[in-house]
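Undergrad: If you want the building blocks of each chain, they are given just below.
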Amino acid sequence: MASENAYSPQDPTLKKRDDFEDVLEERRNSSDVKYAFRCYTPVLYNGIPPCKASLLKHTVLKSDHVLFVIQQLSKESGESPEIIHEEAVEILDEMAQNLKLSVVRFFAFMLSKAFKTLFQRVRVNEEGIQRLQQAIQQYPVVLLPSHRSYIDFLMLSYVLYTYDLSLPVIAAGMDFLGMKIVGEMLRMSGAFFIRRSFGGDKLYWALFSEYVKTMLRKGYAPIEFFLEGTRSRTCKSLVPKLGLLNIVMEPFFKGEVFDVSLVPISISYERILEESLYAYELLGVPKPKESTSGLLKARKILSDDFGSIHVYFGHPVSLRSLAQGKISRSYCNLVPRHIPVKPPKDIFTFVNDIGYKMVRLQQENMVISPWVLVASILIQSLPQIDINHLTEQTVWLRNLAQSFGAFVDWPDHISVSKVVASSISLHHSIVKNTGGRVTLIEEKQDSSNLEHQLFKYAATVLMCASYRNQILHIFVRPALVAISVHSVGSSRKEEIFSYFSFLRDIFSHEFIFAPGHTVQDFEEGCYLLMKADAIQILKTDILLSERGHKIVSFFLAMFQPFLEGYQVICRYLSEEALEGVTENQYVSAVRKFAVKLLLSGAVKSCEVLSSDLQKNALAALLKLNICRKTKEMEQVVVKVNRTAVNSVEDTLGRKLTPLKTALARL
Amino acid sequence: VCSGHCWSVCLSVAGCYINKMYYLMPDDSTNCFVYIFTFLNRQDLLKWNGWGYSDSKFIFNKKGQAEFTGKRYRLSGMVLPALREWFEKTFGASLEHKTPPRSALNTSDIPAPILNEDFLDDLKATKIPFSHEIEDRIFRAHGHCLHEIFALREGKFERVPDMVVWPSKYPNNKSILSFGVKYFIFTLTGGTSVSSALECPPDEKRSIVSLDTSQMNRILWIDEKNLTAHVEAGIIGQDLERLLNVSGYCTGHEPDSMEFSTLGGWVATRASGMKKNIYGNIEDLVVHIRMVTPRGVIEKSCQGPRMSTGPDVHHFIMGSEGTLGVVTEVTIKIRPVPEYQKYGSVEVAKQRCAPASIRLMDNAQFQFGHALKPQVASIFTSFLDGLKKFYITKFKGFDPNQLCVATLLFEGDREKVLQHEKQVYDIAAKFGGLAAGEDNGQRGYMLTFVIAYLRDLGMDFYVIGESFETSVPWDRVLDLCRNVKERIVRECKERGVQFPPLSTCRVTQTYDAGACVYFYFAFNYRGIADPIHVYEQIESAAREEILANGGSLSHHHGVGKLRKRWLQEAISDVGIGMLKSVKQYVDPNNIFGNRNLL
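Those sequence lines, one after another, are chains A and B.
At position 293 of the first sequence (counting the first as 1) the number is 293 in UniProt numbering, and the numbers step up by one without a gap.
At position 3 of the second sequence (counting the first as 1) the number is 3 in UniProt numbering, and the numbers step up by one without a gap.
In case anyone wonders, no lab produced these hints; they're calculated from the structure.
You can take every hint at face value.
Here are the simulated EDC-like pairs of lysine to aspartate or glutamate, each with C-alpha atoms no more than 16 Å apart in a straight line: (1) B/Lys-493 / B/Glu-536; (2) A/Lys-218 / B/Asp-479; (3) A/Lys-202 / A/Asp-64; (4) A/Lys-550 / A/Asp-533; (5) A/Lys-326 / B/Glu-544; (6) A/Lys-326 / A/Asp-346.
Ranges between beta-carbon positions, derived for each pair: (7) A/Met-174 / B/Lys-493: 41 to 49 Å; (8) A/Phe-176 / B/Phe-431: 37 to 45 Å; (9) B/Phe-431 / A/Pro-9: 55 to 63 Å; (10) A/Gln-134 / B/Gly-437: 37 to 45 Å; (11) B/Leu-598 / A/Arg-17: 48 to 56 Å; (12) B/Glu-96 / A/Lys-62: 52 to 60 Å; (13) A/Lys-432 / B/Lys-493: 58 to 66 Å; (14) A/Ala-421 / B/Gly-496: 52 to 60 Å; (15) B/Gly-437 / A/Met-174: 52 to 60 Å.
In this text, a Cβ means the ideal position worked out from N, Cα and C, and glycines have one as well.
With the rest of the complex left out, here is chain A:
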């Protein structure tokens, strides 16, 4: 429970946020060709113009670090250094970006056309742009955008080009290279490509890390990568991946740069291009390989309306200030800096903390559209809800969310019912309003296969859920407190806290909780509930107030799919996976188990079918040592501690499942 910083309550509604400007507005009123060929003179780090991309590669290949690793590998394998060097040249050719202004201009033209048809508005906080412009001149900059669509990095480069800022180099997955011409064009607009997994490949790691570090040290261009590692299919933030974050911090740890500015960027979509793709992917329909023809097919998307996009550039965070007093950099002093050393534990913890901090900062400036509120109400009221009731509830939720500090983009001067109606019509792929009853879209069922029907329905539910998910980070702390108050059945603060920290541990991969901040999270949750008059906090007790009941039951319903889903997974593990289950089979086995329960009516929420939820649950159980991984015959097998899993299931099910089920098992 010990934590470094005590939570000091701050009214979240006082948070100051910048205003937005629509960058498409000018595009609609002036020539795109002129725009693409306009004079582009971004400000530069230290005023030094960046070197050629080829020189950059040369520097990397000749760097002490790479030469050292090549020598070492040569000694280990007996291969001649020249051959390994050639291998290195190939890897680097495959990896490196090759920024060409002509291609950027081409993209600027094409994207202008595309964005204008796809989106109503692309709104950017210009003050953030100004802060970024200053940061770029002072120190190397790392851009950390949220990742919910392929559009993210195109959009970001587009915005930076529009505002005459240096274009970033972007860490992209190798799968893009599969798209023949487009892959090469992305390369020429600043993308560099990383293999998805290269765990043991020392040469690859050396080249990759040196490549990124060289660009950073030289201030070649802002470096952009996605902390979450991949697009979030659920539109919840993912727990940060630390590989690249470690790499961009190392030059600071080693004193090679004075400071590094980390810039969290929040990109919020009113409607996500890939919404249905994601839903099917989560349900186990394999992800279509990125291909140029696939992209062309996506052209039919172009006739649809995807609402507005908000791009919010957060305050640049100085890595140096973050590190001040937290870590000692002297661990780098005893070994020449080009020789890789394993950093001590406090460095690892520090990087991990920063990863979480940055994701939290992204969340903070995510813009919440009215539709997110509508979807949150709707998904609790399936199969249908009266439009007036929906509107009323949406307003209630808006006020609650705003008082909890949510950044809601609610249009002024338009009646509430119009706002809700236009949200519904924008999301015609998910929801429809027939005669005042709002329901999910149901396609005509051509087969009588129940399982098939279930999956169709579940896909729509997951699409709807992906919008509700966008507001969960606002509510998760107070909600877990509220659920604890409700479930513990006692008003004792300690008991409530211990249930809260149990939930927090179990959901550690589902939601973003900064490691080691259990107490702060609890206090923040309590503070917000108290502010909403839902609870009263006494010295040793927490009491639910009259007004609190509505909030608590709302939160219970909101998080029910997760509570229920995790119970199903525990049941699966204790009933069907006692002998262990291989990691590869886990998802499909859980899915099968869940389908059975859903069809029988024992489980209500389709969200348990989401592979994301299933994987998050397993990751948390592994972290809590309730499951563990072993290697058997070349396969990774998950072993289960049955008693522990049962106890998790029971604890999760307090009050939620009828008491007799628990008794029956005894």
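Dock chain B against the given chain A, drawing on the hints supplied.
TA: For chain B alone, coordinates are given in the frame of chain A:
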């Protein structure tokens, strides 16, 4: 500032007798301290509240031009027309905003001496001169850290030595020995320290005796067969050099503070001289040391040039900063005076060939050096200067705001010097460097002697500053320099310093495995309530930055009390334990109680 080398010499006590000192030590409060100093009436010649000789200082004359007074230096009596503009531009200072020092010490500010009557009686019997005059005591109460000079100018001392003694030149230092036999004495050390090594611990209840070694200043013998000299440790650097020169020799040890620092002080702080590339640092120069400690005398039994007799006991002595005893005699290597000396300089160079001395200055310091150009007498010279400037900036395309300069000193026989010089210039040319002449070279070295005088000038106009140093492996030099300078600038901003600071550095010593880097840091403190506190916070942040970038705690200034808190991290727990047990054995009663290092 400047200085380079605190000298910390210590008086000693024959320790075997200490146990018998029952009659003097009913409790701790009767003890005393000893400081050491170099000449009897030092303060007659030197400033009491600033650096160096009383007759030498920078002033702004009636025309508002900078001038250096006195006759001692090449620069003395000259007008420096560029200095004022540089000063005003660099610091945002103005001649209108003055902060003059007080003209004399307020004697009531000085704490009354704690004297021990028994001790005084015995001292009188030995006929060793002593004093408890305020001027003598205050003069030995400080080194040349910024806060110490500031305290002299307008502040207060919490604790100063209670008396000063001048043990004189008896053969084998019998006087000191016998002195120590009867009494125990605490030493702090004196002179040019920039590590707070001379600061008296404010909570010290015992009598503090400052032991001034200035009377132990003879060369006892010169051995021309082995090229060594045996010298009493109180001798001042410039006297040692002058006396040896008479016989045609030199030590070649030239720390920046050599006008004022002593041989014993060099030993006690592990000093380094600018020509160490040819002659070596103090640890390379010393053949034999005699130190008197509370346990007795420590010395080696022969003058062998090197020995394998376990850990070298000299290394307990060198760098002990007056915590173990008093260095009384040293045998030091000597060399014939070089036949030929030549200064040189290279602009924009990167090299790895070592002349006698090389210093690589950054651009800020290059400009600083130019601000010290004296007024030229003839139109012809000024025309030539203009031509040179034109050649470098316009023809060669060097940007005066990016230029940096390496100053060089070659020494040896003529042929070798010329050969060496050519070698260095060839390397310089390879990296786009340009020989910039002897004049630039000499001016570079001049800066090191006058910088401390300049600080006094700055302090008259709201500008305070200091220098500090470190040593660092080659591959980290550039990163360390940039990060430390930038850290200083950032810390100044964060702490409300209104004007951008001067934050500059130079490489002053080169080694095979790394270099010594010297930083100058100064700022205009108008508008700041407690400038010394702000200064200390920034210096301490800069030191942290140095350590984080792989630099050492100190190259030659020593630890003193200023850098004590980092010593554990610097030498590990076991290292501290080793030093503690040596101290515990050698000086169990903490007679040399200056509290440096540990």
